[in-house]
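Chains Y and D, in that order, are what the protein sequence lines are. Those letters in the first sequence? Residues 1 to 173, per the numbering used here, in order. Those letters in the second sequence? Residues 1001 to 1107, per the numbering used here, in order.
Simulated from the structure, these hints should not be mistaken for lab results. A virtual CB, placed ideally from N, CA and C, is assigned to each residue, including glycine. Check before you lean on any hint, since a few could be wrong.
Distance ranges between label pairs, derived from CB positions [what the hints assert, rightly or not]:
1. Glu1080(D) to Arg68(Y): 35 to 45 Å
2. Gln1084(D) to Phe65(Y): 21 to 31 Å
3. Ser15(Y) to Lys1083(D): 14 to 24 Å
4. Trp69(Y) to Gly1086(D): 29 to 39 Å
5. Gln1084(D) to Gln82(Y): 17 to 27 Å
6. Gln1084(D) to Ser129(Y): 25 to 35 Å
Computed list of lysine-lysine pairs in DSS-like fashion (alpha-carbon distance at most 25 Å, straight line) [stated by the list, open to error]:
7. Lys94(Y) to Lys75(Y)
8. Lys1090(D) to Lys94(Y)
9. Lys75(Y) to Lys1083(D)
10. Lys161(Y) to Lys1090(D)
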Amino acid sequence: VKALANPEVGQYLNSHFVSSFQKVGAFRIVDGRKQGGNVASYFCTSDGQVLHVVAGPVNAAALLFEARWAVETWKLATLEHQDSSPALRAFFGKAHAERLKREHGVTGVDKPPVDLAEMVNQPQFQVLSRQARVHAILANYPLIPIEQVYRVVFENILDEKVSTNPVEVAKAP
Amino acid sequence: MVAASGLLVVAWLVPLAWFGRAALARKTSVGVKPGLLAIEEPAVQSHRPPVAIMEASPRSVLQPQGMHGTSLDFVCTPSEAAKQAGDRRKLVFLLHISGNFEDSGFT
């Protein structure tokens, strides 16, 4: 919430995006103390295709950087491949693969596994940082519909559980 | 102090607006046969506050539920965000969170 309170972030997001939020998980209150709780920030097309994800809380500068990257990469993709969905997907997949290599030193994601669940259980995936996991997923599954990826992001990247219960109150063992 | 000033402005504006409309009605009705030309003001105008009041209102008063302590204008649901984004040729920014975003104690 602190990053979202930044006026520059607000101005940029309000001018390029329509924003909303959705509760998908719970945090625990154990003996009056909060445990867990997290956030995933999605940049999507209007029909729910995921351009980019920021996994976990980040500061204002980082959120603004990622928002600008999503917007500018989308603009470039639509400039070059306006009328071709496969070409748009390929463009975004390549963009994520390049960031994965440049910023995290990871290569070899150009052979998509059979499905997403199989990919996130691979040992080489689980040693990656949160944001590297995001790039790895979106390099292999560019413009994936959000309903197909949000559970993986929340549970396999953020290590949270998807839940309809906002707060779980428990006593310490 | 600010509230009192606002009330004074309203106290001045409301009678002025009423007299203005009455004068306009008198002017437009002159020489017009009943039933041939009915001049009706749009119904929506009667429900809107005077422009001066709308412009003077702080943003937090106009949209108290939409920002939740952030600088973002949130719409109610992701599907509404998708619809508006399509209409306005924008992208969608969607937060998936734990707890209740509306209550700062629950996020």
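Taking the earlier hints as the rules, which of them does this structure contradict?
Violated: hints 1, 4, 10.
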